[in-house]
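Asks: Respectively, the protein sequence lines represent chains H and D.
Numbered by the numbering used here, the letters in the first sequence go through residues 1 to 221 in order.
Numbered by the numbering used here, the letters in the second sequence go through residues 222 to 442 in order.
Since the hints were derived computationally from the structure, they do not count as laboratory data.
Glycine included, each C-beta is placed from N, C-alpha and C at the ideal position.
Mimicking EDC-like on lysine to aspartate or glutamate, the simulated pairs with C-alpha atoms at most 16 Å apart in a straight line are: (1) D/393 with H/47; (2) D/354 with D/379; (3) D/411 with D/379; (4) H/190 with H/203; (5) D/411 with D/424; (6) H/172 with D/268; (7) H/172 with D/387; (8) H/56 with H/203; (9) H/56 with H/207; (10) H/133 with H/158; (11) D/247 with D/332; (12) D/393 with H/166.
The following residues of chain D were derived to be distant from chain H, with all beta-carbon distances above 10 Å: (13) 237; (14) 240; (15) 277; (16) 300; (17) 320; (18) 327; (19) 328; (20) 380; (21) 395; (22) 401; (23) 431; (24) 432; (25) 433; (26) 436; (27) 440; (28) 441.
Number of protein chains: 2
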Amino acid sequence: MRIAVVEKILSANDQLAAQNRSWLDKARVFSLNFMASPGAGKTSLIEQTVSRLTEKLRLGVIDGDIATSFDAERAQAAGAIAAQINTGGDCHLDAVMLQEALVEFPLADIDLLIVENVGNLICPANFRLGTHKSVLIASVPEGDDKPYKYPGTYRGIDILVINKIDLLPYVKFDMARFQRGVEALNPGVKTFALSCQTGEGMDAWIEWLVHSQQQYLKTEF
Amino acid sequence: MRIAVVEKILSANDQLAAQNRSWLDKARVFSLNFMASPGAGKTSLIEQTVSRLTEKLRLGVIDGDIATSFDAERAQAAGAIAAQINTGGDCHLDAVMLQEALVEFPLADIDLLIVENVGNLICPANFRLGTHKSVLIASVPEGDDKPYKYPGTYRGIDILVINKIDLLPYVKFDMARFQRGVEALNPGVKTFALSCQTGEGMDAWIEWLVHSQQQYLKTEF
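Isolated chain H (complex conformation) (with noise of 0.2 Å):
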C-alpha cells in the first residue's frame, strides 16, 4: 500500500517534470538545477555566473528556499531576473513548485535558466524539476568523506562543481579520497574545481556553461 502511494506521487512528479522541461524547450531555455548542502556556494555561484555571463546571456534565476527571498535579491542584484520560491518548511523543490514560478516567469527574455535548490544533500536529488542538467556544489570544508555519505545525490549529478578550494591550505580535506568516492558513484562526471571568493577556476565553469548553452541550441526537438 505504502509503496504503491509513493510511485503515484513520483509518477505525478514526472509528469510536471516533463511539462517543465516542455515549456523550457519551446522558449529554447537551456536550464540547469543547482543542488548543494547548506552553506556550499549555491548562491555565490551563481552571483559570479550571472556577473560573468551578463554580456553573453540573458539569465533567470529561480531560488527554492524554506524561508525569506536572500538569494533571489542576491541574484537579481548580479543582473538575473530572478523569482523565489518558499516551500514554507519542505526540504526540496519538486516539479510542481518550479511550474508554478514558470508561469509567471518571462522565459521569452533569458537564455539560461538556474535554478537553485533548497539546501540539502538528500531530498532534492529525489524530485526531478524538468530542467536540463543537474549540478552538484560540493565544497572543501564539508570533507572529503561526502561521496560516499550521500550516495545517492552523487550518483544523478550531471556536473559536479568543488567549490571553495581557496579553503584547500586550512582544512583537512584528502582531494584523491574525494574523487575515488565520485568515481565509484558517477564514473567521469564532469568536474570543475574552484573559488568563488578568489576566482580561481571560474573560467572553465563559465566556458563549459557558455558552450553547453550552444550545444543546446543547435538540438531538434
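Keeping the supplied structure of chain H fixed, place chain D upon it in accordance with the hints.
Replies: Frame of chain H; chain D shown alone:
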C-alpha cells in the same frame, strides 16, 4: 485528509520518543541529539568530546547516516561505545530508528549518549527522538545567513555550537549578523563557539556537558 495522516505519524513518533526517554531515564543516561548540515563537524565534535571525557564519563554514540558506518567507526576509535543506523535513504532519524538501536545498546554501561542525526538542516528538527537536549552544530564556512534561512531548526534547539571558528579569518562570516538571526528565533539560547581542529573553545563545552550530566543525575524521575 492529508493533514490527518501527518498528525497520526507525528503522534506515533512522539509516543515512541516518550518511550525512548523513559528507557534513557531508567538507565540514568543523559542524552543529546546532534543536528547539523553535512560537513558542519558533528563527528569531529563527537571525537573531540569523547577523547576529552573518557576519564570522566562513559560515552555512547549512535550515528545516523544514509550510508556507510564511517561515523560510528570514528566515534569507536575515539573511545565510545558506538552503533550505526543506516537510514537507507531517509533524510532524518526518527524515534522508531532510535528505538531499534536502543534495544541493542548497552545503556547500563554508559553515562552520556550522543545521537548523531543525518546531515540535514531541515527534516531532523521535525522528529523528536526522546533525547534530553537538542544540539545544533553550525559551522563558519556555511555562512552567516543560515538562521534566517533555516528557522525551524534554529528555533527548536536547546544548545548551539558554532564550529570551525579557526576559519573565521578566511571566509566572509559576520558573527553579529549570525547571532542577531539566532537571537530573533531562539532568544538566549546557550551558545558555544569552538574549533575541533585547534581545540579553541572546547573547554567551555566540555565543562557544560559535565555539569549538565551532573545536574541531570540530581533530577527526580
